[in-house]
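K.L.:
If you want the building blocks of each chain, they are given just below.
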Amino acid sequence: MSEKTNMKEEKKLKKSVNGRFSYIGIVILLAFFGVVTNFKSLTAGNLLLILQQSYVLLICATGVFFVMSMGSLDFSQGAIIGVASIAVILAGQEHIALGMIAGVAVGAAIGLINGILHARFKIGSFIVTICTMLAFRGLCAFLTTDSPYSAPIYMYMMDADKFAIPIVVIVLLGGFVVSRYTKLGQYVRMIGAGETAARFSGIKIEKIKIISFVAAGVLAGLAATINVIRVGSITASAGNLAETNVMIALVLGGLPVSGGAKTKFSSVILGVFMLSILNNGLVLLQIEPNLQQLIRGLIFLVIVAITTDRKSLAVIK
Amino acid sequence: MGNQVLLEIDNISKAFGITKACKNITFTINKGEIHGLIGENGSGKSTLTSMIYGLQSPDEGRFVFLGKEYKAHNQLEANVAGISAIVQEAGTLSGLTVAQNMFLGKEKEFISNGFLNNKKMNVAADSLLKEYGFETIKGADIVDKYNFETRKFMEIVKATYFKPELVIVDETTTALSQDGREILYEQMDKIRNSGRTVIFISHDLDEVMSKTDRVSVLRDGEYITTVNTKEITADNLKELMVGRKVDNRYYRTDYGTPVSEQVVYSMNHVTTKGLLKDVSLELHKGEILGIGGLSDCGIHEIGRVLFGAERNYEGAVKFSDGKRINSITEAIAEGIAYTSKDRDNESVVLNASIKNNICMMAYDSLKKGIFISPSKCNSFANKFAKKLSVKMQGIEQDVAGLSGGNKQKVVLARWLAINPEILIFDSPTRGIDIKVKADIYNVMDELRKEGKSIIMISEEIMELIGMCDRILILKNGAVNGEFVRNESLQEQDLIKKMI
Chain Z
0 MSEKTNMKEE
10 KKLKKSVNGR
20 FSYIGIVILL
30 AFFGVVTNFK
40 SLTAGNLLLI
50 LQQSYVLLIC
60 ATGVFFVMSM
70 GSLDFSQGAI
80 IGVASIAVIL
90 AGQEHIALGM
100 IAGVAVGAAI
110 GLINGILHAR
120 FKIGSFIVTI
130 CTMLAFRGLC
140 AFLTTDSPYS
150 APIYMYMMDA
160 DKFAIPIVVI
170 VLLGGFVVSR
180 YTKLGQYVRM
190 IGAGETAARF
200 SGIKIEKIKI
210 ISFVAAGVLA
220 GLAATINVIR
230 VGSITASAGN
240 LAETNVMIAL
250 VLGGLPVSGG
260 AKTKFSSVIL
270 GVFMLSILNN
280 GLVLLQIEPN
290 LQQLIRGLIF
300 LVIVAITTDR
310 KSLAVIK
Chain E
0 MGNQVLLEID
10 NISKAFGITK
20 ACKNITFTIN
30 KGEIHGLIGE
40 NGSGKSTLTS
50 MIYGLQSPDE
60 GRFVFLGKEY
70 KAHNQLEANV
80 AGISAIVQEA
90 GTLSGLTVAQ
100 NMFLGKEKEF
110 ISNGFLNNKK
120 MNVAADSLLK
130 EYGFETIKGA
140 DIVDKYNFET
150 RKFMEIVKAT
160 YFKPELVIVD
170 ETTTALSQDG
180 REILYEQMDK
190 IRNSGRTVIF
200 ISHDLDEVMS
210 KTDRVSVLRD
220 GEYITTVNTK
230 EITADNLKEL
240 MVGRKVDNRY
250 YRTDYGTPVS
260 EQVVYSMNHV
270 TTKGLLKDVS
280 LELHKGEILG
290 IGGLSDCGIH
300 EIGRVLFGAE
310 RNYEGAVKFS
320 DGKRINSITE
330 AIAEGIAYTS
340 KDRDNESVVL
350 NASIKNNICM
360 MAYDSLKKGI
370 FISPSKCNSF
380 ANKFAKKLSV
390 KMQGIEQDVA
400 GLSGGNKQKV
410 VLARWLAINP
420 EILIFDSPTR
430 GIDIKVKADI
440 YNVMDELRKE
450 GKSIIMISEE
460 IMELIGMCDR
470 ILILKNGAVN
480 GEFVRNESLQ
490 EQDLIKKMI
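Listed in order, the protein sequences are those of chains Z and E.
Position one of the first sequence corresponds to residue 0 (numbering that gives the first Met the number 0), numbered consecutively onward.
Position one of the second sequence corresponds to residue 0 (numbering that gives the first Met the number 0), numbered consecutively onward.
Everything labelled a hint here was simulated from the structure, so no lab data went into it.
For clarity, every value in this text was computed on a predicted model and none was experimentally measured.
Even for Gly, the Cβ is constructed at its ideal location relative to N, Cα and C.
Don't take each hint at face value.
Computed footprint of chain Z on chain E; a stretch qualifies when at least three of its residues, placed anywhere within it, have a C-beta under 8 Å from a C-beta of chain Z [as the list claims (entries may be wrong)]:
{"hint": "1", "region": "201-209"}
{"hint": "2", "region": "333-344"}
{"hint": "3", "region": "348-357"}
Every beta carbon over 12 Å from chain E, so not counted as near; a handful from chain Z, in silico [to be verified]:
{"hint": "4", "residue": "L48"}
{"hint": "5", "residue": "I100"}
{"hint": "6", "residue": "I129"}
{"hint": "7", "residue": "G137"}
{"hint": "8", "residue": "S149"}
{"hint": "9", "residue": "I152"}
{"hint": "10", "residue": "I164"}
{"hint": "11", "residue": "T181"}
{"hint": "12", "residue": "G231"}
{"hint": "13", "residue": "N289"}
{"hint": "14", "residue": "R295"}
{"hint": "15", "residue": "V301"}
Same shape as in the complex, but just chain E (with noise of 0.2 Å):
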């Protein structure tokens, strides 16, 4: 392990409207290392990562990459550079053949006679995957052919066959089963042994535990400290991730807390193409019911169904009654809400005032006569603003200027204002900060006293076993274990059913 500097980051910061992802973060990453980094959920890593690899441009401060001042505007030039990325998300696209897409962007080694060779190309991709040992993976084919973790072997193949100096590996662990791992990390010893350099984000603390040999952690945006991964244990690493002694203080405390035998919302038997196999659950009354598993696992599906927003299934969601929805509309007269994943698509309308987001739903109580009375709309979503604490300058001011915990809080307003019985949070605190995690999580408790009946789904391991009265957990769409409240409910028990 060499102690030559590979890259510094000096004194970057980077902000998105009043949210501070990064604040003059400053350390360095040697040559021919595994560098970890770590830090929760809106820590900044995805952000420095991604300026780093040229998807976005810091506000402030530099990078030196190889002794020289390093600025790439997108991912090509990155790549020149020396630099690539595999992220979390799929980084394929789809309707291109694996050629096109490992070469995406360098077509123009394979142009002869003021042509694009496809079939050069298909060569050069096929002997690449058979030196990776991926030779069930052709050239020729279609990306959409292959599976999720197929996709990304061919990932790890396009961002490493050139040999970049640096690459990193931004939570990719999460979409891969145990074999896909296996083979990603020998590609990243790979790298190393050769004396380049690896950047390595993941949740899981084991595996930053095991495979790096530096960690960095990041915590709200700021740098907190880089460890060599000898000395440390992942007790101390989760310490400095959330900035002092791990306890579950912003979770509720209570435990052994009955939960009622009636149930109030049912999912039997329940299949859609592709995604849930045969899922049944059953919501009680006054419970809060979490769901987790592996992103694609099918748990973000399960409240698209029971909000009516996906209705192509087979099986059947109802209520006690018997009574069925039909569609969103309906779902919300019936008295459900949902919070999306994707708050800033599904939940929020980015380019319309907090007031509007708000009264959006409630028109029909804030009428008078059969006008609506704009004066109750300005009263009313004061009133829900101020309950939720919603950080503003004003109920007029535009939702796509708040922090993603503030947009959330304007959505849980909106709900919150129609009263509903039902509530299907889907990762409430995804890029969340803890505090405004633990104002969510207050208000899902009172939620929950008020005996309103909750779903939770949600990736984190941690909020689950926080938060909830059950928890289920899916496996490749299909439940794959239930756990009922306890204090000795570990991380661990959860995740070997994930996988």
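The shape of chain Z in the complex, shown without the other chains (with noise of 0.2 Å):
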């Protein structure tokens, strides 16, 4: 009886650090860098900062929502927000319309492999997705050898908040309705929480995977263009670690690694602004980015040791 009590008694906690952990996080680590840095995190001009580092994120971290829902996992949003972003520049010479559309399209396109080789060719997304992530890395790569590419000057002379907060409004407002209200994103959180049973009430796990991962593609796609407008010049590290920063971003935000009935999409908010805090907050200190990047691994340790519920953890798709 007991043991069954204790249980009982360890799965609220769970539940309440799982659900609760993010709102207070933050609380916590807006409180810390303050008193840290002597309030100087706090100052309006920081915190529009943060926002400023948090569009791309916000963005990606939708479409990883979805992926990481059905249990599966996507490491290639870095480079395809290097890949699109040099189709941005080199679409959107002319109006910035084209270049957006070229780099959704280049997302896209990935995305679409990713799904196909997951879901078709049932290889598992960790595999697929890190191969992906060295595949078009490297053309990145190969593409800025010669030297960077540079936005076209009109770009340069966007306000780039005017174009974004928009832009973010939106993804966020339809990656909700999506995850609450409708079928994919009920089918999502069945596919992480029992795919065979799934496939087995009907749900076409193979489509829903090709969407997820789609998806996913096409707001890293999106948000390329937000970052070509924000850093002007894509080089060869353009987007370098953004497919560990959502993951992290995400986890912090309650995400369960494994995915699942219980997801939030709060978590995406969440979990993106803790990150973007935590990170403004290592550079006020003027920690070295390379301590910084251990720090943040650890944090990402520990949050997963803390919030994993080994019991329903399958292996991760």
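Two independent chains are provided; combine them into the complex using the hints.
P.N.:
Right, here's the structure in full:
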């Protein structure tokens, strides 16, 4: 009997940790970095900076949310941003819309490759997306061998915030609605919770998987445009580590690594802001970039270790 | 037959979630006997023996083995203590050789100079196999080369060669032919005659009557009694298992109900690789068509083919209008429902709520405009969970915590919610207690009366006889007999066609 109540309490704790950790986490992080930076981090200017640093992550995390809900992973996000950014510059010489279309098309194509290799050829998403990451990261480096790509002048002149905020808001709203009020949103969770049973319930697993990976690619391609406008010039390292940042953010936001029925879209927003506050704080504290990386890695590990529900965790697909 | 105590089972309890599989079970096993252990599905036999064998540990209580408190955390520890088991399902690891399987976990004995000496292991295996009279099995061969029955022989050797004091034989005979059974019986007798002990679990009461010295009966996780086999009849045993005079009260009671001539779904000369051989069947409107046979004879494959889950077959599966299905999705769209034998993996999503599970296939009807309405989902899930009287804390509860019977009710709720015309029930009452069983039979009977067509695949002969308008019996993948519902139908008639 006592074992049972223990288990219940443990579950409750886990639930509250998973559920509220992110809200409390944001407050703690803000307060912590506020105090240690002598409130430099809480100035309006810095808060705006945190927001600006979150645009790309918010858009990418929306797509990856669906992938991770299925219990899959997408390591190719950063590489997509890199290649799509080049496409944005090449196609967007005259008008931003053409650049956006090109970026999205590149993202969709890479997402489709991921989805087909994973769903139809039954290769684990982990392996597939690491391979596409390497391949397209390589392409990005190859294309920028001689010189970096520079954004057309008019893009430099654009107000990045005015351009990005509406896009981010639309993407987040769309992501929330799809995740909660559509079959796709429900099905990705059911696939994460039990793929075989989902298949026996008539859910078209292949289709849903491919759609999710394409969506993740499309959104990374969309984020590339904002990336170009913010950064201006694209080098071999464009979008570097975006994939890990997105995954860290989602896990910080309370998304179980194994996906499943209990994923919440709020993880996207909470997680991204937590990560951005953390990154920003580490910079303000003038911690060496390599050391920052170490700290992020450790935090990620700790969060995963605390929040993973080992009983329901199957193998990551 | 000595009366020295070998194993005391002392107040053992074990629960899975809210399901109590064993409740304060206490009895003793003597040295030098073949001790039968019987009970209906879900009575706790396998749970009890798996605890003795170290696969699970009891929540409460203890075992005393050879006068000492005994606790095994895995099969190897059990082996070392002197307990081994031959199980119902395949107990060999595919891809390994016979010898590797036989000495799994005991490789230490064959290490020379720091390396595993496979040759030595093969020689040892061969000589053991010879001792048992299985010269045709070779230690160096990969086990997959041999069929199910031959592998069982190998398991018999594996479980007994080191002369354990206690051997558990868990429903092994269902998988064996008559010859195979004789071989197993012979080994059991040998063990007893050398003063050691066998716990023998079987559903076949005749077998239990003829082979055992004493029999213990479990019912709904409780210990009922232990009797001397000589002093009891098979009917008495049945009564003890069920807890009252055996009647067919929970089955349907009508006989001679005419079945419609109209065929709704049919299978024509279907052959699948290695399982089904030229199987044809016709499902009539409003009938319950039973399909029975041994576990591995292909009965479950029929359900998978009919549901579109197995598409790799020759022959045709079609509706009365000639239409065929190519996927599970299409099957469901055409009004076919299917409950799998593998309930936890294929029927329910364990780590999702009852609500998610019930609504999963009905989202199209739960929309407001183009979006799914959460409030419609709630009332929908509540309505069907109540209709099937699912025992739950609420629809947000995870299915994982429900008992087998309640999981099955969730499965039924989900299917009834989308109103299918053809229902394929594979092992619908597997591991489910009598009360819920009765509920499920009731649901089936209601559906039949509504004119739905039902296929019931089952390894339990009694429920086939009790529920079906017609029964097809499969043997080695081919239809080997057909029976029409009537009061005088006996278990033995069906069994004869199965083996």
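K.L.:
For each hint, tell me whether it holds in the structure or not.
P.N.:
Do the hints match the structure? See the list:
1. 201-209: Answer violated; 0 residues pass the 8 Å Cβ test.
2. 333-344: Holds, because 3 residues of the region 333-344 of chain E bring their Cβ atoms closer than 8 Å to Cβ atoms of chain Z.
3. 348-357: Coverage by chain Z holds here, the residue count being 6 at a Cβ distance below 8 Å.
4. L48: Since the minimum Cβ distance to chain E is about 36 Å, Z:L48 lies beyond 12 Å and the statement holds.
5. I100: holds (26 Å)
6. I129: Per Cβ check, Z:I129 is outside 12 Å of chain E; nearest 27 Å; holds.
7. G137: holds (37 Å)
8. S149: holds (43 Å)
9. I152: holds (43 Å)
10. I164: Non-interface label on Z:I164 holds, nearest chain E Cβ at 25 Å vs cutoff 12 Å.
11. T181: With a cut-off of 12 Å, Z:T181 comes too close to chain E, as the shortest Cβ separation is near 6 Å.
12. G231: Z:G231 is indeed farther than 12 Å from all Cβ atoms of chain E, at 40 Å.
13. N289: holds (39 Å)
14. R295: Given that every Cβ of chain E is farther than 12 Å from that of Z:R295, nearest at about 29 Å, it holds.
15. V301: holds (24 Å)
Hint violations for this structure: numbers 1, 11, all remaining hints satisfied.
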